[in-house]
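Student: These are the residues of each chain, in order.
There are 6 protein chains.
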Amino acid sequence: MGLTHFDEEGKVVMVDVTNKEDTVREAAATGKIQVSPEVYEAIRSGAVGKGDVLGVASTAGIMGAKRTSELIPLCHILPLTNCRVRFEMVPEEYTIYCYCTVKTTGKTGVEMEALTGVSVALLTIYDMCKALDKSMEIGEIYLCRKTGGKSGEIQNEN
Amino acid sequence: MGLTHFDEEGKVVMVDVTNKEDTVREAAATGKIQVSPEVYEAIRSGAVGKGDVLGVASTAGIMGAKRTSELIPLCHILPLTNCRVRFEMVPEEYTIYCYCTVKTTGKTGVEMEALTGVSVALLTIYDMCKALDKSMEIGEIYLCRKTGGKSGEIQNEN
Amino acid sequence: MGLTHFDEEGKVVMVDVTNKEDTVREAAATGKIQVSPEVYEAIRSGAVGKGDVLGVASTAGIMGAKRTSELIPLCHILPLTNCRVRFEMVPEEYTIYCYCTVKTTGKTGVEMEALTGVSVALLTIYDMCKALDKSMEIGEIYLCRKTGGKSGEIQNEN
Amino acid sequence: MGLTHFDEEGKVVMVDVTNKEDTVREAAATGKIQVSPEVYEAIRSGAVGKGDVLGVASTAGIMGAKRTSELIPLCHILPLTNCRVRFEMVPEEYTIYCYCTVKTTGKTGVEMEALTGVSVALLTIYDMCKALDKSMEIGEIYLCRKTGGKSGEIQNEN
Amino acid sequence: MGLTHFDEEGKVVMVDVTNKEDTVREAAATGKIQVSPEVYEAIRSGAVGKGDVLGVASTAGIMGAKRTSELIPLCHILPLTNCRVRFEMVPEEYTIYCYCTVKTTGKTGVEMEALTGVSVALLTIYDMCKALDKSMEIGEIYLCRKTGGKSGEIQNEN
Amino acid sequence: MGLTHFDEEGKVVMVDVTNKEDTVREAAATGKIQVSPEVYEAIRSGAVGKGDVLGVASTAGIMGAKRTSELIPLCHILPLTNCRVRFEMVPEEYTIYCYCTVKTTGKTGVEMEALTGVSVALLTIYDMCKALDKSMEIGEIYLCRKTGGKSGEIQNEN
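Residue numbers (this note's numbering), protein chains in the order written: chain A, 4 to 161; chain B, 4 to 161; chain C, 4 to 161; chain D, 4 to 161; chain E, 4 to 161; chain F, 4 to 161.
No lab work stands behind these hints, which were simulated from the structure alone.
Treat the hints with care, as some may be off.
Identical chains blur together in the list; that is why a pair holds if it fits in one copy or across any two.
No more than 27 Å apart at the CA atoms, straight line, and that leaves these computed lysine-lysine pairs for BS3-like [what the hints assert, rightly or not]:
#, residue 1, residue 2
1, 137, 14
2, 23, 153
3, 14, 153
4, 137, 153
Isolated chain A, as found in the complex (with noise of 0.2 Å):
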C-alpha cells in the first residue's frame, strides 16, 4: 500500500472522499512544552490569578484547529462540531501536557484538527513566555485516540 495523497504518476492530490459516508468522527491528540522553572512558575501563577498564559493559549488552540484546512495542504474542509483544549501542568518536570480534542460529523476523520489544535496551543504558550527562555522545547505531539470512518477506533498509548 502506497501514499494515499499522490495519484498514479506521483502527482499530489486531495483524497477522493465523494463517496464516503457521513458519520461522527472524533479525535484526540495531545503534545507538551518543557519550559525553565521561572517560566513554569509564572505560568502557574497565571492560572490561578493575572496573566493567563494558558487561557489565551486554549482560545488559540482551538482558533487553529479550525483553520486546519488552510494550513494542510491536502487536508479537507470540515464543519467542527466540538473542539477543546485543555492542560495539565506537571510541577517535577517543569512541563505543560496539551489535549485537543475534536468532533466532527463528515467523511474524513479530525485527526489533524487535533494535532494543529496542540500545536497551535503550545506555540503560543512559547510566545507568550520567549522573553523568559529561549531554551523552551515541544515534543511528544501524538494522536492519542480516534473514532469513526473506516478505520474505526484507534488508540495510542504513551
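Following the hints, complete the assembly by docking chains B, C, D, E and F onto the known chain A.
Tutor: Relative to the frame of chain A, chains B, C, D, E and F by itself:
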C-alpha cells in the same frame, strides 16, 4: 521579571515595539517526526522520484511561517524577507528532521515564524502519511539560533 | 443556567453540537451609523451615481459574514446558504441603517454571522468616509429575528 | 471635498499613500455592550474566577485588529506595533465598555484597526453569552483619539 | 433572465440555495501559460529532477481552490471532497496547460473552485519564473465540464 | 541563469531580499473576459444602473491583490500603498478588459499583486454571470508595466 504579554492588571496585550529600531533579524528552528519503517521508505522513495511528500511539506512550511501572526494571538505582523524549510532523513532512527530559517528587517524577532514553519511542515508530513501509520510522533521542536535585536545572538545546542 | 462556552472547570470550549439535527436556520441583524450632513450627502449622491459607498459596504458585509468563524473564537464553521446586506438612509437623522439576513442548513444558528455582516458593513462605511468626518458613531447593533433550532423563533422589537 | 476612496470616474480605489512619510501613529476606539442582569453577573463572576469571557474577548479583539485589512476592502496592510483591548464594567447600567488602543509606524492611521478590535471583542462577548440573552445590544462605537499623520491629533468627547 | 446575484432593487446578494438538494457535483477547468523557451526548459528539467515548479504550483492550486469562497465575494462555502491539479507540457508551443478537477456533495456547483484552482496554479508558475521572463502570458481559462445540479451536464469544447 | 526559487539542491525557497533596498515600486497588469452578447448587455446595463457587476469585481480585485502572499507560496508579504482596478468594455468583441495597478515601497516588486488583482476581478465577473453563460473565457493576463527595483522599467506591448 514577569511575562511581557500582560499589563499591570494581568490583562493580555501585544507587546509595544513602536520605539524599537528596525534591524536585520534571523532565526532558525528545528523539529522532527518519528515514523514507521514503511512510512520512512515511502517518503524516501518519493524524495527521489514520484510522490514528493517533503516537497509539499516545504511549501506548506513556508506558507505557514508567513501566516504566523494570524495563528499566534500576540505575534506581530512581520514582512519576512527570507524563508526556507529543509529536511534531513536519518534512516537508522526512521526519523525526518526539519529545519526552518527565517529572516526579516523589523522591530521584533522571527523565532515564532521559524517554529511555526517547522510545526506546519511536520504536520503536513503527518497528514500525507497517516493512512499508513497512526502512531507517528512529532517532537524536539526548539529554537536553534537567533540573531539581531536587543537579546543579540542566542544558540541552543541539541 | 451558566455560560455554555465553559466546561465544569471554567475552561473555554466550543459548544458540542455533534448530536444536534441539521435544520434550516435564519437570522436577521441590524445596526446603524450616524454621520455628518456632509458625509450623508456624499453617500446619498454616490448611491445614485458615482462613488457607491453602500455597494462596497454590502460586498464587505457579505464577505465578513462568511468569515465569522475565523473572527469569533468559539463560533462553529457554517456553510451559509444565503446572505444579503441592505441599507436604509434616514435623512432627518443623518443615519444609515444596515440590515443583514443570513440562512443555513446546519446544527447551529447564524446570529453571529448576521451580526458580523452588519458590523463589517458599517465599519466599511466608516472607513470610506473617515477623511470627511472623524466623529461618526456606529450603534444599535442587535439581533432582529431568528428562526430554526431548539430556541425556535425569537423576535426583538426596536 | 469629496470621498477619497473613489477616482475621478467614481470608481473605488485604495488611496495612494506611496509618498506619505512613515510616522508613529496611534488610535483609540471605544464601544459597549448592554446585557441582561443575568449575563452581567455571569461575566462579572467569570472575570474574577472561572469562565473568563472578557479574557477570550480581549484575545479575539487583538487578533481581529491584526486582520482589519482583510475585512475592510480599502484598508492598507499595516504592521501593528502595539495593540491592547481592555474592558470596564458598569454595574448600574449592566453594560461592559470596551477600549482598544493600536499603534504603528507607517503611512496611514490605525483608526480602523482600533474600531475593528472593539467590534470583534464585543461580538465575541455577544457570542459567548447569547444562550442566556438574545436581546443584547452593541453600540456607541467611535474613535476616541488619534495622533500622528497629516490630520494631527483628533479627540472625540463622549 | 437577468443576473442572479442582484435583488429586485439591483443590490448584490448571495444566491439563496437553502432549499436546493445536496447532490454530487463535479467541475473541471483549464488554462495555460505561454513562456519563453528558456523558462520552458527550466520547468521541464525541474519536473524530472531538481526545482519542481509544477509540484509547487499543484499544491498552490489545490490550496487556492479550497479558499475560493474567501476570494470571490458571492461564492458559497463548500466542503470540497476532492481536488486535483495536473499539467501538460506542449514543447512546440512553449506552453504549459493546467487542468483542475473539483468535487463536492452540496447545494451549489464547484465551477468557481476549479477555475480558481487553475488561476492560482498558473500565477504560481508565473511567480517562480518571473526572474527569467517578464513577458509570459496566462490565458484560455474556461470551464471544460460540469456535472450535477439543476443545469445538469455542461461540456465546453476547446 | 536558473530559477531563483530553488536552492543549490533544487529545494524550494523564498528568495532572500533581506539586503535589498526599499524603493518605490509599481506594476500594472491586464487581462480580459470574453462573454456572450446577453452577458455583455447585462454587465453594461448594470454599470450604468442597477446590478453593478464591475463594482463588485473591483472590490474583489483589490482585496485579492492584498492577499497575494497567502495564495502564491513564495511571494513576500508587502504592505501595498496603492491599488486600483478598472475595466474597459469593448462592445464589438463582447469583451471586458481589466487593468490593475499596484504600488509599494519595499524590497520586492508588485507584479504578482497586480496579476492576482486582475485574476480575482475576472473570476468575480465570471461567478456573477455564470448562470447566464457557462462558456465564458478568461485570457490575455500579462504584466503591462513595472518600475522600480534592480530590473528597472519593463514594458510589454500587447
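Student: Work down the list of hints and note, for each, if the structure agrees.
Tutor: Tested hints:
1. 137 with 14: Classified as between; 23 Å across copies, 40 Å inside a copy.
2. 23 with 153: This pair counts as both: shortest intra-copy Cα distance 9 Å, inter-copy 23 Å.
3. 14 with 153: within (25 Å within a copy, 33 Å between copies)
4. 137 with 153: Result: close only across copies, 14 Å inter versus 43 Å intra.
Of the numbered hints listed earlier, not one is contradicted by the structure.
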